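Q: So the protein lines, in turn, are chains A and B. Each residue of the first sequence is one higher than the one before, counting from 15 in this note's numbering. Each residue of the second sequence is one higher than the one before, counting from 15 in this note's numbering.
Everything labelled a hint here was simulated from the structure, so no lab data went into it. Worth double-checking, as some hints may not be accurate.
One copy or two, either will do: identical chains are not told apart, so a pair holds if it fits within one copy or between any two.
Below are the DSS-like pairs computed for lysine-lysine, each with C-alpha atoms no more than 30 Å apart in a straight line [as the list claims (entries may be wrong)]:
1) Lys17 with Lys197
2) Lys116 with Lys172
3) Lys17 with Lys115
4) Lys17 with Lys116
5) Lys16 with Lys172
6) Lys116 with Lys197
7) Lys172 with Lys109
8) Lys115 with Lys172
Everything numeric in this text was worked out from a predicted model, so none of it was measured.
There are 2 protein chains.
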Amino acid sequence: MKKSIGLHPLPFPAPVWVVGTYDGEGRPDMMTAAWAGVCCSEPPCVSVSVRPSRHTYDNIILNECFSVNLPTARYVRETDYFGLVSGRDRDKIEKSGLSVKKGRLINAPVIREFPLVMECRLIRQVEIGSHTEFIGEILDIRAEEGMLDSDGAVDSEKAGFFVLFSGYRGIDSLVGDPYSVGKELV
Amino acid sequence: MKKSIGLHPLPFPAPVWVVGTYDGEGRPDMMTAAWAGVCCSEPPCVSVSVRPSRHTYDNIILNECFSVNLPTARYVRETDYFGLVSGRDRDKIEKSGLSVKKGRLINAPVIREFPLVMECRLIRQVEIGSHTEFIGEILDIRAEEGMLDSDGAVDSEKAGFFVLFSGYRGIDSLVGDPYSVGKELV
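Kindly produce the complete structure, drawing on both the sequences and the hints.
A: Next up, the structure:
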């Protein structure tokens with residue numbers, strides 16, 4: 015028997031992405047986003063939703079680009095911090111102890127210590143309500159070689175990514191193979 | 015040292031949601047989506063991206079609503095099947111062995127056996143490229159009582175949800191508490 019459980023908090027796994035931008039004076043900022051995901055295959059695009067009050071909101075509109083930096087469990091403290099406070103009035107990067115450098119293809123910072131980064135060019139801005147959704151075309155994905163398998167793909171066991179679901183939680187073992195386990199029903 | 019790893023497949027955890035719709039003759043259909051996520055808090059909204067070739071695409075536009083059904087590992091086979099074939103020329107529900115009923119608030123089917131369902135009203139349609147993003151306002155979330163904790167919230171350990179990340183993978187143990195673990199850096 016199901017029952018209505020209200021609309022907050024949303025009760026299922028969500029991504030934990032750190033969005034990197036520069037402000038008008040070239041200062042880097044990072045903001046943790048969970049309202050985010052992939053939204054298109056060709057071109058490959060991601061969306062991140064941001065409240066207009068956030069420093070990141072102004073920065074994305076200013077530079078028309080952003081980076082997405084994927085944290086591992088080792089950096090859960092820094093990742094949580096990036097979601098707790100605004101970069102308007104403090105240097106979150108310095109405080110975090112992490113270091114950044116400018117992206118290769120866009121005017122946005124990427125986090126050196128995080129093992130996977132994406133560079134995205136803003137292609138659409140959708141006003142919804144409390145949040146504005148920014149859709150970015152992924153121009154490049156770079157990963158630490160140590161997290162790749164022998165085929166050059168990210169090894170999910172080595173990656174150490176986590177999701178948000180009543181806490182930050184790691185990724186567990188395989189329960190089935192996509193485009194495979196369902197074939198017996200076809 | 016990071017290296018570019020190409021843009022396919024996208025190398026990080028994505029949701030696995032089953033999107034429910036009726037077609038013009040009232041036949042229920044289900045499609046598995048991974049390009050999906052939350053995109054706004056107030057009103058609470060989700061987005062699901064669908065190729066125009068899919069039966070679900072026509073159905074969402076026709077009814078201006080859709081359900082989101084969250085599978086557990088027990089139903090990984092049925093979930094994979096819903097992503098493998100089109101509902102244009104076959105009854106995927108019957109073949110899956112699952113059962114559906116009409117949503118309470120919208121004209122879209124929900125899966126009885128899945129423990130968590132959301133009913134969504136279409137509020138925006140964004141053409142991106144290969145995929146169209148449908149943004150739906152969440153009108154109701156219902157969950158099986160057996161997956162709730164003593165506060166009435168979904169218990170992540172009991173839930174059994176999984177994500178897509180080089181395979182369908184379960185959710186592991188806690189690595190940190192949100193809005194808490196980062197406070198020492200504030």
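Q: Are the hints correct? Go through all of them and say.
A: A quick look at each hint next to the structure:
Taking identical chains as interchangeable, the C-alpha atoms of Lys17 and Lys197 are never at most 30 Å apart, the minima being 33 Å within one chain and 35 Å between chains. Taking the closest pair of Cα atoms, Lys116 and Lys172 come within 30 Å of each other only inside a single copy of the chain (26 Å); across copies the shortest separation is 43 Å, beyond that limit. Taking the closest pair of Cα atoms, Lys17 and Lys115 come within 30 Å of each other only across two copies (15 Å); inside a single copy the shortest separation is 49 Å, beyond that limit. When the C-alpha separation of Lys17 and Lys116 is checked against a cutoff of 30 Å, the pair qualifies only between copies, where the shortest distance is 15 Å, while the shortest distance within a copy is 49 Å.
Taking the shortest Cα distances, Lys16 and Lys172 sit within 30 Å of each other only across copies (15 Å), while inside one copy they are farther apart (37 Å). Only between protomers do Lys116 and Lys197 lie at most 30 Å apart by alpha-carbon distance; the minimum there is 27 Å, versus 45 Å within a single protomer. For the identical chains of this complex, Lys172 and Lys109 are intra-copy neighbours only, at 28 Å inside a copy versus 37 Å across copies, given an alpha-carbon limit of 30 Å. In this assembly of identical chains, Lys115 and Lys172 lie within 30 Å of each other by CA distance solely inside one copy; the values are 24 Å within and 41 Å between copies.
Checked against the numbered hints above, the structure breaks only hint 1 and satisfies the rest.
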